[in-house]
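Trainee: This is what each chain is made of:
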Amino acid sequence: MANYFPILILGLLAAALPLATIFLARAIQTRRPNPAKLEPYESGIAATTFAFDTRFSVRYFLIAVLFVVFDVETIFLFPWAVLFHRLGLFGLIEMVIFLVILVVGYFYVWKRQALDWA
Amino acid sequence: MKILTPTFLTYVKVLLIVAVVPAIVGFVIVLAERRIMGFMQVRLGPNRVGPKGTLQGLADLLKLVTKEDVTPARAEKFVHFLAPVLAVIPALTALAVIPMGPSIRLARHVSTPLWVADINIGLLFLLAITSIGVYGIILGGWASNNKYSMLGGLRSAAQLVSYEVPMGLSLVAVLLMTRSLSLVEIVMRQDRMQLWFVFPGLLSFFLYFVSGVAETNRNPFDLPEAESELVSGFNTEYSGVKFAFFFLGEYAAMIIISCVAVTVFFGGWLPPFGHVKALSFLHIVPPFLWFLAKVGFFIFCYIWFRSTFPRYRFDQLMALGWKWMIPLSLVNIVIVALAILWTPGRTDGLVRLGWLFGALFLLMFFLAKLRQALARRDRLASEPAGTRQSALKA
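Chains as they are written, first to last, in the numbering used here: chain A, 428 to 545; chain B, 303 to 696.
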């Protein structure tokens, strides 16, 4: 675990850098807020509705769900790939069976047009 | 020299990363990008501040720090503040595991390797930590309470998760050859095998780098920002230092994608064909400089892409990721696995696969050129004689 400690320190420093700079910049910059400046940008027209109230396409959600399936699969492949030279042909056949099951699902998703964006 | 203990030196390297990488981004990469793009577009680019514009970074820094940092009244203020910080943290932290060179001697009996940590799950750690970068972008886009930003953030999330899959799968094919997730071990193995993994992994490399460009939201996949349709997308409502840190996050992510491409596919700090006797003079150049030169080349490719390719449409982007790159990377895994089984216990199969990929690549290149030439001839033939000039231009 000793190897990971410097990484943690690096992460903390990487967080400290933007935080420190943002607060430092606050001390030296001029702040002249006015109502127009604080409006959301809508190409110069006053906004009547706001982003928090509007709905968005459900396809984004679908993509996120599909991603979970495929990413879990990738994680399964990682240890298999590292040990493949010991598993040999047996390991390949086993993994191809696993992939075929997944590809069946993939084609089902494709045929149901979950991958189309229109 | 008691003070130069390995632990102390590790923290010096940590500090160097945090201090030097933002400086390199601001002073070198941004300037290089603007100058190179300027020349590619037949204009000069910034050349006023300092000799040949070299101090442009300083001027930008002063402007960005002193500029008013506006938080929109209806924004989710805390998240709006947090997002740029979240964009920077993973991008800088990931650099900890990149091996930039073998040990260098600092003094008598004191030497230190040019990486912060060599962990045995290096590549997995990199994939994990770089995918956290999406939080900064999507939270920034959402917290702004601006429709453009919201769309930018959503697009970005969809794009990043879509290209995460082919990126992971293309690296799986390389892991079959490396047998280890440690990045140092990956470079060492390329040295021992006397083979850069780009040759047997040519397809992997293309899949990796294209996904890498998409992961960093760069052209031609820069839909989350898309100046012409989303007025800069997720960062529309950001100004001053916060905007600068989104920028830093994006460029640091570019550096990481390039570093991983160099380490995994192009032999890290190794000189090209270092085992060939006739090329042994290449060992004179310090390994760290080889690493820097290779990373610099990929950063240049990023800039080159930006001034070459027009932006994708969102449905094309999704179709490319899900319908082409994912099936292709699955096929690639099986191909590489078969090449390893070809000659069990030895690496000849991989070398042969490298030759095969090279031949295929050349064949495709010439076919593409031939097709281009034929299309040009047809176009010229179909035009009436008087309008030939316009056809030549097109």
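If you're looking for bench data, these hints aren't it; they were derived computationally from the structure. It is possible that part of the hints are untrue.
As the list claims (entries may be wrong) - BS3-like mimics (lysine-lysine), calculated; alpha carbons at most 30 Å apart, straight line: (1) K449/B x K369/B; (2) K379/B x K369/B; (3) K379/B x K464/A; (4) K369/B x K354/B; (5) K464/A x K625/B; (6) K464/A x K365/B; (7) K379/B x K449/B; (8) K464/A x K369/B; (9) K625/B x K671/B; (10) K449/B x K365/B; (11) K538/A x K625/B; (12) K365/B x K354/B; (13) K379/B x K365/B.
Stated by the list, open to error - Estimated spans, in silico, between C-beta atoms of each pair: (14) F310/B x V530/A: 38 to 44 Å; (15) T368/B x V485/A: 39 to 45 Å; (16) W644/B x R482/A: 51 to 57 Å; (17) T481/A x F310/B: 41 to 47 Å; (18) W606/B x L439/A: 50 to 56 Å; (19) F668/B x F450/A: 20 to 26 Å; (20) R458/A x L584/B: 53 to 59 Å; (21) F583/B x L489/A: 42 to 48 Å; (22) T309/B x K464/A: 46 to 52 Å; (23) L676/B x V495/A: 42 to 48 Å.
Claimed, not checked - Heads up, incomplete: computed chain B residues facing chain A, CB under 8 Å, no partners named: (24) K369; (25) P522; (26) T538.
Where is the CB? At the ideal position from N, CA and C, for every residue including glycine.
Trainee: Next step is simple, just say for each hint if it's right about the structure.
Mentor: How the hints compare with the structure:
This hinted pair checks out: K449/B and K369/B have alpha carbons roughly 24 Å apart, not beyond 30 Å. Using a Cα cut-off of 30 Å, the hinted pair K379/B and K369/B holds, with the two alpha carbons roughly 18 Å apart. Distance restraint check for K379/B and K464/A: the Cα-Cα separation of roughly 15 Å lies within the 30 Å cut-off, and the hinted pair is therefore satisfied. A hinted pair counts as satisfied when its Cα atoms are at most 30 Å apart, and K369/B with K354/B qualifies at roughly 25 Å.
In summary, the hint linking K464/A to K625/B is not supported, as the alpha carbons are separated by about 44 Å, beyond the 30 Å threshold. Distance hint between K464/A and K365/B is fulfilled; the C-alpha atoms sit about 19 Å from each other, no more than 30 Å. Our distance criterion of 30 Å between C-alpha atoms is met by K379/B and K449/B, whose separation comes to about 16 Å. Among the hinted pairs, K464/A with K369/B is consistent with the structure: their alpha-carbon atoms are about 14 Å apart, no more than 30 Å.
Proposed proximity of K625/B and K671/B is supported: the alpha carbons are some 25 Å apart, at most 30 Å. About 27 Å separates the Cα atoms of K449/B and K365/B, which keeps this hinted pair within 30 Å; it holds. At roughly 12 Å between alpha-carbon atoms, K538/A and K625/B fall within 30 Å of each other, so this suggested pair holds. A threshold of 30 Å between alpha carbons decides the hint, and for K365/B with K354/B the separation of about 19 Å falls inside it, so the pair holds.
With a C-alpha separation of about 23 Å, the suggested pairing of K379/B with K365/B holds against the 30 Å cut-off. Between F310/B and V530/A the beta carbon distance is about 52 Å. The supplied range of 38 to 44 Å is therefore violated. For the pair T368/B and V485/A, the beta carbons lie near 44 Å from each other, so the given range of 39 to 45 Å is met. Judged by the Cβ atoms, the range 51 to 57 Å given for W644/B and R482/A holds: they are separated by roughly 54 Å.
Roughly 54 Å separates the CB atoms of T481/A and F310/B, a value that falls outside the hinted 41 to 47 Å. Distance hint for W606/B and L439/A: a CB-CB separation of about 36 Å, inconsistent with the stated range 50 to 56 Å. Checking the proposed 20 to 26 Å range against F668/B and F450/A shows it is violated: the Cβ atoms sit about 58 Å from each other. Restraint check, R458/A to L584/B: a C-beta distance of roughly 56 Å satisfies the suggested window 53 to 59 Å.
Checking the proposed 42 to 48 Å range against F583/B and L489/A shows it is violated: the Cβ atoms sit about 56 Å from each other. Separation of T309/B from K464/A is about 49 Å and conforms to the stated range, judged on CB atoms against 46 to 52 Å. Hint check: L676/B to V495/A, Cβ distance near 45 Å, so the stated range 42 to 48 Å holds. For the restraint placing K369/B at the interface with chain A, the shortest Cβ-Cβ distance is roughly 6 Å, inside the 8 Å limit, so the hint holds.
Below 8 Å, beta-carbon pairs count as interface contacts, and P522/B has none with chain A, the closest being about 17 Å; its hint is therefore violated. At a threshold of 8 Å, the smallest CB-CB gap from T538/B to chain A is about 5 Å, leaving the interface hint in force.
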